[in-house]
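Participant: Using the UniProt record's numbering, read the sequence shown as starting at 1 and increasing by one per residue.
You can take every hint at face value.
Simulated crosslink set (SDA-like; lysine to any residue; CA at most 20 Å straight-line): (1) LYS83 - LEU93; (2) LYS315 - LEU303; (3) LYS78 - MET12; (4) LYS58 - HIS151; (5) LYS126 - ALA32; (6) LYS58 - ASN28; (7) LYS83 - ASP105; (8) LYS301 - PHE267; (9) LYS250 - ARG274; (10) LYS228 - LYS254; (11) LYS304 - ILE294; (12) LYS446 - TYR343; (13) LYS289 - LEU366; (14) LYS228 - ASP266; (15) LYS461 - ILE405; (16) LYS78 - ALA18.
Cβ-Cβ distance ranges computed for the label pairs, FRET-style: (17) GLY166 - ILE190: 25 to 31 Å; (18) TYR202 - LYS175: 44 to 50 Å; (19) LYS228 - TYR202: 29 to 35 Å.
Keep in mind that the hints were calculated from the coordinates and are not lab data.
All values derive from a computational prediction rather than experimental measurement.
In this text, a Cβ means the ideal position worked out from N, Cα and C, and glycines have one as well.
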Amino acid sequence: MPELQQPDKHSMDIPHVAAIDLPLNVQNVTKAVDMLGGEELIRASIRESHPLELRLRKDPFHHPIQASSNNSERILVKIKIPKKSLPKNSESLSIQQLLELNSQDKSTPRERIQPVAIIDKTYSFKAMADFQVSTRNNSFVQDFNRVMINHNSINDIKDYIDEHHGWQGYANLSKKYFQNNDHQLIPPPILSSIRFPFDYKYQQNPGTSTVRDIHGEVKVISNQNRQKLHTLLIDYNTPTPQGPLEEIKKNWDKLSNENLSVNSTDFLLLQCIRKLQALFEIKPIWNRKQLYSILPEDMKKFLKHALPYVTYTYKSGPWRFCNIKYGLDVVHDPSYWRSQTEYFRVLGFRKGTSTDESKMIVPPSLQGSSEVVEIPESLLFNGVSLPSVATFQIGDIMDADIISILEDHQNSMDEDFLRNVCDPQDGWINRQTMEVIRRVMRYKLKQLVNEESIDQSKIHKIINTNYTEDKDDEEEVNDIHGDRNGPDELDEDEDEEEEEEDNALY
Numbered sequence: 001m002p003e004l005q006q007p008d009k010h011s012m013d014i015p016h017v018a019a020i021d022l023p024l025n026v027q028n029v030t031k032a033v034d035m036l037g038g039e040e041l042i043r044a045s046i047r048e049s050h051p052l053e054l055r056l057r058k059d060p061f062h063h064p065i066q067a068s069s070n071n072s073e074r075i076l077v078k079i080k081i082p083k084k085s086l087p088k089n090s091e092s093l094s095i096q097q098l099l100e101l102n103s104q105d106k107s108t109p110r111e112r113i114q115p116v117a118i119i120d121k122t123y124s125f126k127a128m129a130d131f132q133v134s135t136r137n138n139s140f141v142q143d144f145n146r147v148m149i150n151h152n153s154i155n156d157i158k159d160y161i162d163e164h165h166g167w168q169g170y171a172n173l174s175k176k177y178f179q180n181n182d183h184q185l186i187p188p189p190i191l192s193s194i195r196f197p198f199d200y201k202y203q204q205n206p207g208t209s210t211v212r213d214i215h216g217e218v219k220v221i222s223n224q225n226r227q228k229l230h231t232l233l234i235d236y237n238t239p240t241p242q243g244p245l246e247e248i249k250k251n252w253d254k255l256s257n258e259n260l261s262v263n264s265t266d267f268l269l270l271q272c273i274r275k276l277q278a279l280f281e282i283k284p285i286w287n288r289k290q291l292y293s294i295l296p297e298d299m300k301k302f303l304k305h306a307l308p309y310v311t312y313t314y315k316s317g318p319w320r321f322c323n324i325k326y327g328l329d330v331v332h333d334p335s336y337w338r339s340q341t342e343y344f345r346v347l348g349f350r351k352g353t354s355t356d357e358s359k360m361i362v363p364p365s366l367q368g369s370s371e372v373v374e375i376p377e378s379l380l381f382n383g384v385s386l387p388s389v390a391t392f393q394i395g396d397i398m399d400a401d402i403i404s405i406l407e408d409h410q411n412s413m414d415e416d417f418l419r420n421v422c423d424p425q426d427g428w429i430n431r432q433t434m435e436v437i438r439r440v441m442r443y444k445l446k447q448l449v450n451e452e453s454i455d456q457s458k459i460h461k462i463i464n465t466n467y468t469e470d471k472d473d474e475e476e477v478n479d480i481h482g483d484r485n486g487p488d489e490l491d492e493d494e495d496e497e498e499e500e501e502d503n504a505l506y
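Can you make the complete structure from the sequences, with help from the hints?
Facilitator: The following block contains the structure:
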């Protein structure tokens with residue numbers, strides 16, 4: 001085994017110094033020191049940790065580059081290599097390569113390595129330079145620099161101030177001064193506070209790609225195979241669907257006839273479908289948020305996939321945001337007026353009590369049912385606490401004023417309470433009743449959002465106002481509820497509709 005060479009020992013009784021790493025090719029040391037503020041400023045920075053700044057040009061209004069310091073200790077080493085061992089291209093080689101060549105040539109003297117100092121503080125200028133403003137053609141700044149900053153005598157300053165009338169009377173400047181011209185202003189001390197560049201790493205979305213269609217237009221398409229839900233979304237005037245789409249029927253035959261393993265995805269989907277079938281036998285029209293709160297935890301994620309097997313949905317109209325059992329014709333049967341929905345947009349709403357914290361109750365529409373089904377109270381409007389949803393079915397409203405309005409109007413209007421033909425905006429309920437309900441609920445929601453008390457005199461005024469004859473009022477109502485008919489087309493998987501329902505109170 002070859003004997004290891006013992007390294008040379010050197011005394012570390014050497015000076016401690018500071019180093020300045022300049023982003024320059026220094027050929028004139030005196031000029032480089034002046035760019036750093038002079039020897040005194042450099043000494044003060046080393047001893048008292050004053051900021052060290054690099055000025056690239058001689059201008060008092062120049063924005064300097066600030067140095068960052070590092071207190072890690074390093075050793076400054078002096079290396080002497082004999083000229084005889086240096087090749088012709090020595091300038092292109094590194095120190096390590098030159099040392100290796102010298103060690104290979106036994107005929108040349110050895111190199112001499114000696115530590116000369118310990119660097120205990122290093123200044124480096126790695127920050128970005130600030131935006132600069134050139135004052136070369138700014139006569140006002142040049143005069144100010146010459147007289148005020150680089151003055152030769154106090155008389156120069158006095159004459160300069162007298163020339164500008166002691167900087168008084170500038171409140172009476174003419175309009176010409178304020179035109180969009182060069183105002184000869186002194187540059188601000190800083191323009192950008194960002195010292196280091198930030199890499200935003202802009203790159204193409206890996207989930208999309210661009211293609212050209214048959215017309216030559218560039219389109220962005222998804223690279224991911226999106227699972228289609230085959231949700232049956234129909235227009236308001238579309239005939240009532242009696243069953244799901246063919247794709248759903250085929251998949252239902254497959255799910256119901258196969259021997260599925262317990263806890264598999266298809267098994268849980270089948271269980272969720274059967275649970276929904278039972279719920280829609282109890283109540284044929286549900287809000288999806290209510291269904292989500294009823295389902296067991298292991299079925300919740302299958303709700304959106306299971307609903308197309310049991311229900312259809314309207315794109316617009318009084319039953320929007322509702323899931324309706326197949327074969328149920330709500331547009332031609334006035335008995336379903338209680339299942340109509342209303343939703344609102346109130347500025348500043350950030351959702352009230354979450355469904356996890358809310359008390360479980362039986363909704364009013366199910367209080368006479370033989371099956372006990374409970375949902376969180378925060379999914380209903382009671383006029384007292386801020387709800388966690390934006391959509392409310394008329395028959396499930398628990399607010400005392402709304403219940404009283406419905407009862408009074410039914411008794412006073414008798415047969416005129418319901419329309420003969422279902423209206424695309426108001427549904428089966430007459431316009432006067434619907435406008436009173438909307439305005440009372442909107443007012444109360446606004447007060448709840450702002451945490452303000454309910455003024456019963458305003459409720460009384462809303463109840464006693466006639467909304468059937470005022471055309472201006474009708475235009476206002478159309479503005480407030482203009483989105484009742486919704487977009488012409490909703491996303492097939494209902495994500496857009498669900499997001500709009502979640503944000504309807506925002």
